[in-house]
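Read in order, the letters of the sequence shown correspond to residues 1 to 145 in full-length UniProt numbering.
No wet-lab data here; the hints were simulated from the structure. A couple of the hints might just be wrong.
[What the hints assert, rightly or not] Label-pair restraints from in silico Cβ distances:
(1) Asp6 x Ser42: 29 to 35 Å
(2) Leu47 x Asp99: 15 to 21 Å
(3) Glu82 x Leu43: 19 to 25 Å
(4) Gln74 x Leu17: 36 to 42 Å
(5) Asp98 x Leu43: 18 to 24 Å
Virtual Cβ for every residue (Gly too), placed ideally from N, Cα, C.
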Amino acid sequence: MDEPSDLQDLAGREDILALLEDFYGRAFADPVLAPIFQQHMSLERHLPIVTDFWATTLLGERSYTRKVIQRHQQVDELSPFEPRHFERWLQLWWQAIDDHAEGRLADLAKRQGMRMAAAMCRAIVGEVPEGISELLTTSGHRVRG
Numbered sequence: 001m002d003e004p005s006d007l008q009d010l011a012g013r014e015d016i017l018a019l020l021e022d023f024y025g026r027a028f029a030d031p032v033l034a035p036i037f038q039q040h041m042s043l044e045r046h047l048p049i050v051t052d053f054w055a056t057t058l059l060g061e062r063s064y065t066r067k068v069i070q071r072h073q074q075v076d077e078l079s080p081f082e083p084r085h086f087e088r089w090l091q092l093w094w095q096a097i098d099d100h101a102e103g104r105l106a107d108l109a110k111r112q113g114m115r116m117a118a119a120m121c122r123a124i125v126g127e128v129p130e131g132i133s134e135l136l137t138t139s140g141h142r143v144r145g
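Sequences and hints are given; from them, build the entire structure.
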């Protein structure tokens with residue numbers, strides 16, 4: 001039987017920032033993601049931008065106005081992405097969410113992360129990894145070729 005959780009839902013920018021700090025701590029230490037993140041990202045500059053992205057996505061703010069796929073395509077030109085990068089990103093994203101929050105917005109963050117990983121991988125690599133395709137299918141989303 002599952003024990004009751006003390007976790008609460010994401011409620012504002014502070015919660016999103018705490019989630020992102022944990023996620024990027026994991027990503028910067030991960031053997032699959034760290035080489036790309038460490039070489040191409042200043043966390044100090046990136047955190048406010050990605051906080052705006054998730055606040056826009058989850059809270060309805062209008063603070064993010066950049067083109068997320070275009071920026072990642074620029075990184076891909078320097079260090080090519082592979083499907084495994086997107087699968088690992090999603091695994092770490094979900095783990096960080098599960099450790100920080102529970103509720104409607106936490107679930108939305110997981111779904112949006114899944115959609116974003118699929119769309120970005122499709123746009124950059126030309127395919128959606130099997131692991132992400134399976135998650136999309138089991139969650140009721142259509143996988144586009």
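Q. Against the structure shown, which of the earlier numbered hints fail to hold, in ascending order?
A. Hint 4 alone not satisfied by this model.
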